[in-house]
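Peer 1: Each chain is listed here by its residues.
Number of protein chains: 2
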Amino acid sequence: MAGYCSERVDVHPLTDMAENALLRQYEQQVKQAFFRIEPALRRLSSVQHETDFMEQAQAIAQADLGFNLPQSMLADSWIKPLDIGRIYAWCVFETFRRLSDEFFTTRPLAREDDDAFQVFLQECGFHIMDVSPCADGRLAHVIRYVLRLPYKAVRRKSYAGAMFDIDDSVQKWVETEMLRYREGRPNSADMPTRYLKVAVYHHSSVAPENEGCAAHGSDTRRAAEAALARLRAFRQGVENSFCCGASIDLLLIGVDTDSDAIRLHLPDADGEIDPVHYIDAMELYQESKHGGLREESGVFRLIEESCRRHQGTPPPQGMLRLSARLLRGNFSQIDYVRQYHKGGYRDIGHQERFIGMGIGFEEVQLRNLTYFAYLKTVEEGGKDMDVGVRIFSALNVSRGLPIPVVIRCDYHGQVPGARDRAVDRCRQLDEAVRTRFQDYAERGLLHTLLMVRDCHADGRAETIGSSLELNRPEIH
Amino acid sequence: MAGYCSERVDVHPLTDMAENALLRQYEQQVKQAFFRIEPALRRLSSVQHETDFMEQAQAIAQADLGFNLPQSMLADSWIKPLDIGRIYAWCVFETFRRLSDEFFTTRPLAREDDDAFQVFLQECGFHIMDVSPCADGRLAHVIRYVLRLPYKAVRRKSYAGAMFDIDDSVQKWVETEMLRYREGRPNSADMPTRYLKVAVYHHSSVAPENEGCAAHGSDTRRAAEAALARLRAFRQGVENSFCCGASIDLLLIGVDTDSDAIRLHLPDADGEIDPVHYIDAMELYQESKHGGLREESGVFRLIEESCRRHQGTPPPQGMLRLSARLLRGNFSQIDYVRQYHKGGYRDIGHQERFIGMGIGFEEVQLRNLTYFAYLKTVEEGGKDMDVGVRIFSALNVSRGLPIPVVIRCDYHGQVPGARDRAVDRCRQLDEAVRTRFQDYAERGLLHTLLMVRDCHADGRAETIGSSLELNRPEIH
Numbered sequence: 001m002a003g004y005c006s007e008r009v010d011v012h013p014l015t016d017m018a019e020n021a022l023l024r025q026y027e028q029q030v031k032q033a034f035f036r037i038e039p040a041l042r043r044l045s046s047v048q049h050e051t052d053f054m055e056q057a058q059a060i061a062q063a064d065l066g067f068n069l070p071q072s073m074l075a076d077s078w079i080k081p082l083d084i085g086r087i088y089a090w091c092v093f094e095t096f097r098r099l100s101d102e103f104f105t106t107r108p109l110a111r112e113d114d115d116a117f118q119v120f121l122q123e124c125g126f127h128i129m130d131v132s133p134c135a136d137g138r139l140a141h142v143i144r145y146v147l148r149l150p151y152k153a154v155r156r157k158s159y160a161g162a163m164f165d166i167d168d169s170v171q172k173w174v175e176t177e178m179l180r181y182r183e184g185r186p187n188s189a190d191m192p193t194r195y196l197k198v199a200v201y202h203h204s205s206v207a208p209e210n211e212g213c214a215a216h217g218s219d220t221r222r223a224a225e226a227a228l229a230r231l232r233a234f235r236q237g238v239e240n241s242f243c244c245g246a247s248i249d250l251l252l253i254g255v256d257t258d259s260d261a262i263r264l265h266l267p268d269a270d271g272e273i274d275p276v277h278y279i280d281a282m283e284l285y286q287e288s289k290h291g292g293l294r295e296e297s298g299v300f301r302l303i304e305e306s307c308r309r310h311q312g313t314p315p316p317q318g319m320l321r322l323s324a325r326l327l328r329g330n331f332s333q334i335d336y337v338r339q340y341h342k343g344g345y346r347d348i349g350h351q352e353r354f355i356g357m358g359i360g361f362e363e364v365q366l367r368n369l370t371y372f373a374y375l376k377t378v379e380e381g382g383k384d385m386d387v388g389v390r391i392f393s394a395l396n397v398s399r400g401l402p403i404p405v406v407i408r409c410d411y412h413g414q415v416p417g418a419r420d421r422a423v424d425r426c427r428q429l430d431e432a433v434r435t436r437f438q439d440y441a442e443r444g445l446l447h448t449l450l451m452v453r454d455c456h457a458d459g460r461a462e463t464i465g466s467s468l469e470l471n472r473p474e475i476h
Numbered sequence: 001m002a003g004y005c006s007e008r009v010d011v012h013p014l015t016d017m018a019e020n021a022l023l024r025q026y027e028q029q030v031k032q033a034f035f036r037i038e039p040a041l042r043r044l045s046s047v048q049h050e051t052d053f054m055e056q057a058q059a060i061a062q063a064d065l066g067f068n069l070p071q072s073m074l075a076d077s078w079i080k081p082l083d084i085g086r087i088y089a090w091c092v093f094e095t096f097r098r099l100s101d102e103f104f105t106t107r108p109l110a111r112e113d114d115d116a117f118q119v120f121l122q123e124c125g126f127h128i129m130d131v132s133p134c135a136d137g138r139l140a141h142v143i144r145y146v147l148r149l150p151y152k153a154v155r156r157k158s159y160a161g162a163m164f165d166i167d168d169s170v171q172k173w174v175e176t177e178m179l180r181y182r183e184g185r186p187n188s189a190d191m192p193t194r195y196l197k198v199a200v201y202h203h204s205s206v207a208p209e210n211e212g213c214a215a216h217g218s219d220t221r222r223a224a225e226a227a228l229a230r231l232r233a234f235r236q237g238v239e240n241s242f243c244c245g246a247s248i249d250l251l252l253i254g255v256d257t258d259s260d261a262i263r264l265h266l267p268d269a270d271g272e273i274d275p276v277h278y279i280d281a282m283e284l285y286q287e288s289k290h291g292g293l294r295e296e297s298g299v300f301r302l303i304e305e306s307c308r309r310h311q312g313t314p315p316p317q318g319m320l321r322l323s324a325r326l327l328r329g330n331f332s333q334i335d336y337v338r339q340y341h342k343g344g345y346r347d348i349g350h351q352e353r354f355i356g357m358g359i360g361f362e363e364v365q366l367r368n369l370t371y372f373a374y375l376k377t378v379e380e381g382g383k384d385m386d387v388g389v390r391i392f393s394a395l396n397v398s399r400g401l402p403i404p405v406v407i408r409c410d411y412h413g414q415v416p417g418a419r420d421r422a423v424d425r426c427r428q429l430d431e432a433v434r435t436r437f438q439d440y441a442e443r444g445l446l447h448t449l450l451m452v453r454d455c456h457a458d459g460r461a462e463t464i465g466s467s468l469e470l471n472r473p474e475i476h
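Taken in sequence, the protein lines are chains A and B.
Reminder that position 7 of the first sequence reads as 7 in my numbering, one-by-one numbering, no gaps.
Reminder that position 316 of the second sequence reads as 316 in my numbering, one-by-one numbering, no gaps.
Careful: at least some of the hints might be erroneous.
No more than 20 Å apart at the CA atoms, straight line, and that leaves these computed lysine-lysine pairs for PhoX-like [stated by the list, open to error]:
#1 A:Lys157 - A:Lys383
#2 B:Lys172 - A:Lys172
#3 A:Lys152 - A:Lys172
#4 B:Lys157 - B:Lys342
#5 A:Lys376 - B:Lys342
#6 A:Lys342 - A:Lys289
#7 A:Lys157 - A:Lys172
#8 B:Lys31 - B:Lys376
#9 B:Lys383 - A:Lys376
#10 A:Lys383 - A:Lys31
#11 B:Lys342 - B:Lys172
#12 B:Lys172 - B:Lys152
#13 B:Lys152 - A:Lys376
#14 A:Lys342 - A:Lys172
#15 A:Lys383 - B:Lys152
#16 B:Lys289 - B:Lys376
#17 B:Lys31 - A:Lys172
#18 B:Lys376 - B:Lys157
FYI, nobody ran anything at the bench for these hints, they're computed from the structure.
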């Protein structure tokens, strides 16, 4: 547990201490694996001219990182200096591959009651929860940690500034409705449930001017308004394209990336959302912490009351129930940050370790590990990649380290040729990202790892290529 | 009617002579407008150093092309030679804009009974006909001319080698099913109709080795097999992804680009298609021409008999009825080529005038006018564009003329922000095509015209940009 302190703090009565401990253990394990890379490479660098360097190097790698390095990257250190950048990118990729493998094999973040969430969601009046957070790595843990939701039961697609692709969401809406009609999945179309679209923006309470959302110039209000405008356009797009009544509910959430406390912008009785007023989880947390609140129903009443006070008519009961669950989950997360991060993260700024680009990354549920760019082509998602590359220019390139980019294409293995097409798309993305950031690629400052995953089979991700050596070293 | 001869030929009794005349008149009018560009520019070139060049030039343009040229393109011819390439591209764009405007205003190719086709299609057991022809310009008239179908009632998306994007078709299938369930459009989901997916490959009877499908190395059998494999993968993809029984029928069509005669590869009773055996429209045309065949039902019987003879069990009655209609339409087209093109086109090779790239181009229903690349991004559709640019390198660049590329994004105007997104996508495509073919673009050998169109409003296409002057000259 080096590098972090775990304090005994007084927590909210609703906080799930056992889950906090479990989430903490997982976060520590994964984050430490990445944190250990740089110190290990410093040690490597310092011994590179010694005659038994190869042996020393592998010993350091084994001891500190748990894997061997490719011999080819070490062999010529007596002739020319070690290419630490290459080794660094290789280690980031290898560490990610191990995290990914473990995630899909042991399911460290799954809970037994994950399946119950779909039932709960339907009781609240929704058949799907489709969440578009900002691509910022400081929101990558929003589903499993900040909101304490089962990551499999919620759709997550990240975009810079939460400016999600409306056509992509409309397409998902169409597919969802079709499955309800045709196959009764997840419920049949005559059930009066709705499609819940959520956008998540973010801000920084510690450094609001600098550490807010880069895509909106760290302007919290602009971030909220832009995300809300996107939500409205999505709903209106569906309503204008398909008749027979609206079937979409909207929810806007803000996250303070320092404390992980959320703001809920709930719709009023007419479904309208106010970008300026919201329910503040931190306030409710403080209010209710010592009042003996021990049931989620208590949170429900708090929210209902708060809605009546601030926006007149509260939203339907189902939306309130879901909100109560989100807030209760967030209370746990507020305590998580208090317990393990002294109430506020030390890394209030970007500290991502790699860019994740493409479609997939279910295994990434941790904060500040990955900058996401959900995209089908670099041509369409180019601006999201520009933001990511800018972040990593400051984090890595400024120090001479390359930008590690994991390219990922999930596919549905039951469709003939789907794997081949995913592989092709991976290579196409690889080529496109190298063309767009040619200057970096040519100077060895951008490295890529290519992976595909059959999300239908729900197995491990498969590595299909890399700009670096792929042959996995034998473990002694 | 200069440049073509219209002969009196003996025609098939089922041939629609009135329609042939109408289609001919339209083809002539549009094609001639493009054909007149080069001779007009030759005349322009020859007078460029005369003192009253500006007046002479506009007089030539008005007389030959029907519009004025931008003064700025002519003004400096006393200092430096005219940039004929730029003027050429400008004229192609202007001619296309006029064709497009006229198409959407006067509907020259519409028929009164177009709406009846959807009823007929459903009677045949299909609720949609989704056709993917090869992108080759010699197939651009396949819907309205070769098959004599109403262009509005049939979905057409062209891909090099007819190698259509399976995911795009699955998405269309999903949307189609959803609309049937949710809105009863075009018919309700409990009607036992099916989704008909058609691929159209092509070959050349005159020069099979050289003028077949470039994407398949002019190998007719390979072209047929590849298109069939794509059809099967599409069907299987839908069947594997969505349960509750298959609902897709397949049809493979080959077109002889010299005579426009089609080959129908009909499914057998089990829905299976043979890539080698087919019903040859030209054969049936010859067989039935003098036999007093005067009803479509006669064609029906001919096909049924041919199926029994060649493949054992004929397909269901509905597929036979549709095939009879396609063949009857094709008889008219065979006579069209005999009447107006001496039984075989003079331009057996590529003679396209521009590349049409993006989504749309409903107004292009003519042969050998446009090389299509149906694509959302150049990144995905790059190979189709490569084929197109290769064709135009031979046609234009080899002579010093630029490649005119019309970029088009149709949008659904009822969706908020859809026009803005279409405009953005147009500009994104423009940038991407210039990057991919940078060498051409920088040497002035690639020019672009950017257009968007609200296909919901069904109005005219709107020009939003160009690499050339856009200000439309006043007509005197």
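Peer 1: If a hint holds in the structure, say so; if it does not, say that too.
Peer 2: Results of checking the hints against the structure:
1. A:Lys157 - A:Lys383: Measuring from Cα to Cα gives roughly 16 Å; hence the hint holds.
2. B:Lys172 - A:Lys172: 12 Å, holds
3. A:Lys152 - A:Lys172: 16 Å, holds
4. B:Lys157 - B:Lys342: The hint is violated at about 30 Å.
5. A:Lys376 - B:Lys342: It is violated: about 48 Å lies between the C-alpha atoms, which goes past 20 Å.
6. A:Lys342 - A:Lys289: With Cα atoms ~18 Å apart, Lys342 of chain A and Lys289 of chain A stay inside 20 Å; holds.
7. A:Lys157 - A:Lys172: Answer holds: Lys157 of chain A to Lys172 of chain A is near 11 Å, not above 20 Å.
8. B:Lys31 - B:Lys376: 28 Å, violated
9. B:Lys383 - A:Lys376: Cα-Cα ~17 Å, so holds.
10. A:Lys383 - A:Lys31: 28 Å, violated
11. B:Lys342 - B:Lys172: It is violated: about 40 Å lies between the C-alpha atoms, which goes past 20 Å.
12. B:Lys172 - B:Lys152: 16 Å, holds
13. B:Lys152 - A:Lys376: With a Cα-Cα distance of about 30 Å, the restraint between Lys152 of chain B and Lys376 of chain A is violated, given a limit of 20 Å.
14. A:Lys342 - A:Lys172: 40 Å, violated
15. A:Lys383 - B:Lys152: The given pair, whose Cα atoms are some 36 Å apart, is violated under the 20 Å limit.
16. B:Lys289 - B:Lys376: 45 Å, violated
17. B:Lys31 - A:Lys172: 43 Å, violated
18. B:Lys376 - B:Lys157: Roughly 12 Å between the alpha carbons, so the hint for Lys376 of chain B and Lys157 of chain B holds.
Taken one by one, the earlier hints fail for this structure at numbers 4, 5, 8, 10, 11, 13, 14, 15, 16 and 17, listed in ascending order.
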